[in-house]
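Enquirer: Sequence:
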Amino acid sequence: MTLKNVNFGVVENFNIIKGLIYGGVLMLVGGCSNGSAKTPAMQTDNSDTAVCAPFDADSAYAYVARQVAFGPRVPGSESHAQCARYLADQLARFGADTVIEQTAELPEIGKIHNIMGRYSVHNPARVLLLAHWDTRPWADEDPDPENHSRPIDGANDGGSGVGVLLELSRQFGMKRPDIGVDILFVDAEDSGNSGDDDSWALGTQYFTSNLPYGESGPYPAYAILLDMVGGRDAVFAREMFSDHNVPSLVNHVWSAAARAGHGDRFVNRTGVAVNDDHLHLLRAGIPAIDIIECANPVTGAFNPTWHTMSDNIDNIDTASLRAAGETVSYLIYSEKL
1 MTLKNVNFGV VENFNIIKGL IYGGVLMLVG GCSNGSAKTP AMQTDNSDTA
51 VCAPFDADSA YAYVARQVAF GPRVPGSESH AQCARYLADQ LARFGADTVI
101 EQTAELPEIG KIHNIMGRYS VHNPARVLLL AHWDTRPWAD EDPDPENHSR
151 PIDGANDGGS GVGVLLELSR QFGMKRPDIG VDILFVDAED SGNSGDDDSW
201 ALGTQYFTSN LPYGESGPYP AYAILLDMVG GRDAVFAREM FSDHNVPSLV
251 NHVWSAAARA GHGDRFVNRT GVAVNDDHLH LLRAGIPAID IIECANPVTG
301 AFNPTWHTMS DNIDNIDTAS LRAAGETVSY LIYSEKL
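In our numbering, the protein residues as written are 1 to 337.
If you're looking for bench data, these hints aren't it; they were derived computationally from the structure.
Label pairs and their in silico Cβ distance ranges:
{"id": "1", "residue 1": "Ser248", "residue 2": "Ser209", "range": "20 to 30 Å"}
{"id": "2", "residue 1": "Asn312", "residue 2": "Ala81", "range": "18 to 28 Å"}
{"id": "3", "residue 1": "Gly263", "residue 2": "Asn210", "range": "31 to 41 Å"}
{"id": "4", "residue 1": "Ala65", "residue 2": "Ser194", "range": "29 to 39 Å"}
{"id": "5", "residue 1": "Ile313", "residue 2": "Gly110", "range": "20 to 30 Å"}
{"id": "6", "residue 1": "Ser248", "residue 2": "Pro145", "range": "37 to 47 Å"}
{"id": "7", "residue 1": "Pro145", "residue 2": "Ala319", "range": "25 to 35 Å"}
{"id": "8", "residue 1": "Gly195", "residue 2": "Lys175", "range": "40 to 50 Å"}
{"id": "9", "residue 1": "His148", "residue 2": "Asn268", "range": "29 to 39 Å"}
{"id": "10", "residue 1": "Pro297", "residue 2": "Thr98", "range": "38 to 48 Å"}
Note that the coordinates shown come from a computational prediction; the quantities given were computed from them, not determined experimentally. Ideal Cβ positions, reconstructed from N, Cα and C, are used throughout, including at glycine.
All chains should be modelled from the sequences, with the hints used to inform the complete structure.
Expert: In structure tokens:
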């Protein structure tokens, strides 16, 4: 993840880095058989009978802590390999109909794993939920230069989105939503180098080049990325790329947040633009947005622990996990595609 100024234009002209981009407007051009990134008609059941399974924020926190206990999940490390097995095992244990693992050997990175659990796999009305599970190999934003070559724990940046999705997976296993859901953990998002645009979000780049849809099942109607959703007192502004490219989907999710009681966390103002995994889905023709803390009052952008040694379990806020998890749970259980 990095801060960067660019001129917005067609997708070929923006930088494939998870970073921040200030000002301007980006128009994305879809390029796969699913068609352009236009949000389909969506209806959420607003009645009191809409069923929302309880979201256990303490359980989500425990899943974050379990990831951190492996150590930094840097591709090529033993901690990374152990966590990959853990994630696949958890999806199977929680009752996913199918668990798909994509693996690839990448130069200078090593073996990466994209892991997806599919619920109600034959349901043509479906949604994709994703988070990256790898961690930054270097604490290059740490205030102490001595730490700049040390890997981070990645409790928030890497662990929090996965923790929320694991808890949602557990809920989906106990009570299936009316729609199909794909839970995707993407790898190698955070090993990028400043100035090397294509070195970021490698797992999602691989995923969009090898989409497990089409012959094996219908494309998702839309995708929601959860990234850095566990920071202390996190507030989620409308990420700029999401808000420009699929504003109706942002409205849809933010309305669900308000109905779930989290309108104070999902605020109706535009945050900075973040080059993140969702951009590759947009390029592939899948409407996608990013739920991410991108308007922190201290930094103006990301949580202060971003890419520092302070991104540890002590700085994870269960209330932030609850806001993100209950919002997505409400959305999925009341969705009418």
